[in-house]
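Undergrad: For reference, the chains in residue letters:
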Amino acid sequence: MSALIGAAVPAPGHGLTAPARSHEELAERITARFPSVRTELAERGPLVVHVAASELVGVLTYCRDDEELACALLADLSAVHWPAGELVIERQRSTTGWPDYRVERELGMIEVLYTLRSVARNHLLRVVTATPDTAPRLPSVTGVFRTADFHEREVFDLFGVEFEGHPALTRILMPDDWAGHPQRKDYPLGGVDIPYANDAVVPPPDERDLRDVVR
Amino acid sequence: MVADPTIAALRSGLTSDDEVFVEGADWESVVDAVKDERLTVNMGPQHPSTHGVLRLVLELDGETVTRLSPIIGYLHTGIEKSAEYRTWVQGTTFVTRMDYLSPLFNELAYCLAIEDLLGIEAPERAQAIRVILTEFNRIASHLVWLATGGMELGSTTVMTYGFREREHILDLFESQSGLRMNHAYIRPGGLATDVTADFVERCEALLARLPERLGEFEDLLLENPIWNDRLRGIGVIDAEACLELGVTGPLLRAAGVPWDLRKAAPYCGIEQYEFDVVTETAGDSFARFLVRMEEMRQSMRIVRQALDTLPGGPVMVADKRIAWPSQQSLGADGVGNDPAYIRHIMGESMEALINHFKLVTQGFTVPAGQTYVAVESPRGELGYAITSVGTNKPYRVHVREPSFVNLQAADEMSRGHQVADVVAVVASIDPVMGGVDR
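From first to last, the protein sequence lines stand for chains A and B.
Everything in the first sequence is counted per the working numbering, starting at 1 for the first residue and increasing by one.
Everything in the second sequence is counted per the working numbering, starting at 216 for the first residue and increasing by one.
Take the hints with a grain of salt, since some may be wrong.
Simulated coverage check for chain A against chain B, where a stretch passes if three residues somewhere in it have a Cβ under 8 Å from a Cβ of chain B [stated by the list, open to error]:
| # | region |
| --- | --- |
| 1 | 11-18 |
| 2 | 74-80 |
| 3 | 119-131 |
| 4 | 139-153 |
| 5 | 169-176 |
For the record, the hints were derived by calculation from the structure and aren't laboratory data.
Nothing here was measured: the structure is a model prediction, and the numbers come from that model.
We put the CB at the ideal spot given by N, CA and C, even for glycine.
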């Protein structure tokens with residue numbers, strides 16, 4: 001890493017020590033090593049790599065250590081919940097011009113996104129994996145990127161994904177004794193009851209009848 | 216904080232045999248009960264040096280820190296969840312409240328991500344104004360870092376000076392957006408309203424004022440023996456550890472890596488302005504001080520060039536399906552609806568009124584897709600990972616907050632130092648708890 005110090009300032013298409021690689025080259029490099037991964041060449045944004053949970057740690061380690069991929073930085077780790085059932089969004093095609101959105105899933109999934117950044121070559125890579133939302137469980141990548149510690153705790157806290165091998169998987173943003181995982185789509189947006197020491201309970205603001213509170 | 220057992224609940228070591236739990240006792244009896252020197256103490260969340268409500272659990276061997284764990288979440292407001300229930304434009308008012316010291320960067324990254332999904336680009340003038348205001352915001356943020364950091368190390372003069380200079384920058388923001396903080400000024404597709412006629416003049420006045428003031432800070436601090444003793448060699452972290460821990464921004468640059476997203480992945484046409492990426496090699500708190508001081512000067516260089524080449528034209532995209540319909544103008548009582556525009560929609564054009572009503576109440580829809588857009592905030596890589604399913608609301612907004620990630624380095628940076636140095640370390644990381652907890 002000391003080779004980075006004093007290197008030229010990066011520019012678009014060029015990293016600190018080496019030129020950037022095109023999406024095709026990166027996709028080829030990864031699929032040559034892991035034939036089972038599916039790469040997606042998006043029009044905009046980074047190359048997307050879909051991997052199975054069993055291969056996740058292997059792929060991320062390869063992305064970090066390989067000379068061509070050289071992704072030294074795990075820039076971001078986040079998750080998206082896609083619950084089971086039908087989701088239809090009508091968008092009044094006549095006025096907006098955009099088609100309706102209709103999707104049906106048999107299995108609810110939590111998609112976890114790993115955004116990798118190469119400082120040496122200046123490119124982005126998004127590794128995507130998914131886990132069923134009924135029993136979300138993924139291997140921890142804290143052994144590959146130490147920065148994943150807080151990120152995985154956050155995804156556990158807000159989505160309930162259990163990361164096996166994480167050194168201390170505890171809630172990070174919500175209180176320790178909180179029930180439920182708020183960022184899941186089946187978790188409603190709304191207030192929670194406020195319990196008081198004398199067994200009195202005040203309902204949350206959105207359910208409160210002002211006539212009960214203000215007399 | 217250790218010396219007052221009535222405040223701190225002290226536990227010795229971690230083994231159950233010699234565990235002592237103390238609340239409100241004589242210090243001597245505590246010392247007698249403890250067999251070895253290892254203590255676990257709480258620092259914060261209510262502590263003047265913890266930048267808001269950060270709680271640190273310190274494991275101490277005597278006065279030496281052997282482990283530090285940050286406990287966060289005290290300011291968690293569920294902004295990412297709330298954003299899923301509001302339109303895309305309303306989201307700007309949420310994200311600007313995360314990292315309250317660099318609100319414009321949050322708005323910028325959020326809007327750039329939406330514009331990426333929409334496949335649009337803001338007009339040139341809007342881009343240039345975005346650059347000018349965010350670079351001023353960087354200076355304001357660094358000034359607060361200097362002010363609070365100085366205060367935490369006992370230099371109250373620096374505190375008052377830093378906040379004083381920042382106030383002039385906030386005056387500029389207030390004159391353009393109506394608010395000192397939480398502006399919601401940058402909107403998807405451009406800006407909420409064009410800048411005022413005296414905008415350039417105001418910026419010039421700031422550019423004339425600031426260099427001298429920065430020189431004043433350096434006169435106060437560069438050779439100051441206390442400042443040097445408290446910062447030099449404290450909280451050292453090398454480039455490799457920075458990358459492993461995801462640490463970016465001034466911390467990474469102070470460790471010698473010239474990594475800056477303004478160069479590596481430029482946004483808003485910032486590549487057309489000349490500026491240097493400031494680096495230092497020591498990787499300690501003093502190096503971070505030097506990097507931030509010089510970064511403020513580089514930001515002024517960018518603003519200078521952007522002002523000289525400020526293009527004319529609109530500040531919002533022309534597409535009427537996206538552009539915020541309301542026209543604002545500056546009246547006697549501040550920024551408000553333009554009377555001419557109100558006359559148009561209320562008296563002349565029913566279609567304009569319908570369009571206005573639909574855009575304001577329902578908002579526009581964003582094509583389905585996922586994106587990750589990052590900008591170089593004063594604290595490092597500020598990224599927005601946004602998922603859209605094609606509705607008028609985000610399906611998921613995730614924020615990669617540099618403060619949240621950088622805080623993980625506090626443990627490594629504090630080990631082996633004394634308790635008092637933890638204050639210097641946390642100050643040099645410059646975490647903003649509104650951003651950490653979101």
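Undergrad: Establish whether the coverage given for the region 119-131 of chain A by chain B is satisfied; the threshold is a Cβ-Cβ distance below 8 Å, and no fewer than three residues must meet it.
TA: holds (count 4)
Undergrad: For the region 74-80 of chain A, count the residues whose Cβ lies under 8 Å from any Cβ of chain B; is that count three or more?
TA: holds (count 6)
Undergrad: Report holds or violated for chain B covering the region 169-176 of chain A, Cβ cut-off 8 Å, minimum 3 residues.
TA: holds (count 5)
Undergrad: Are 3 or more residues of the region 11-18 of chain A near chain B, judged by a Cβ distance of less than 8 Å?
TA: holds (count 4)
Undergrad: Counting residues of the region 139-153 of chain A whose CB is closer than 8 Å to a CB in chain B, do you get three or more?
TA: The restraint on the region 139-153 of chain A holds, since 6 of its residues have a Cβ under 8 Å from chain B and three suffice.
Of the hints listed earlier, there is not a single one the structure fails to meet.
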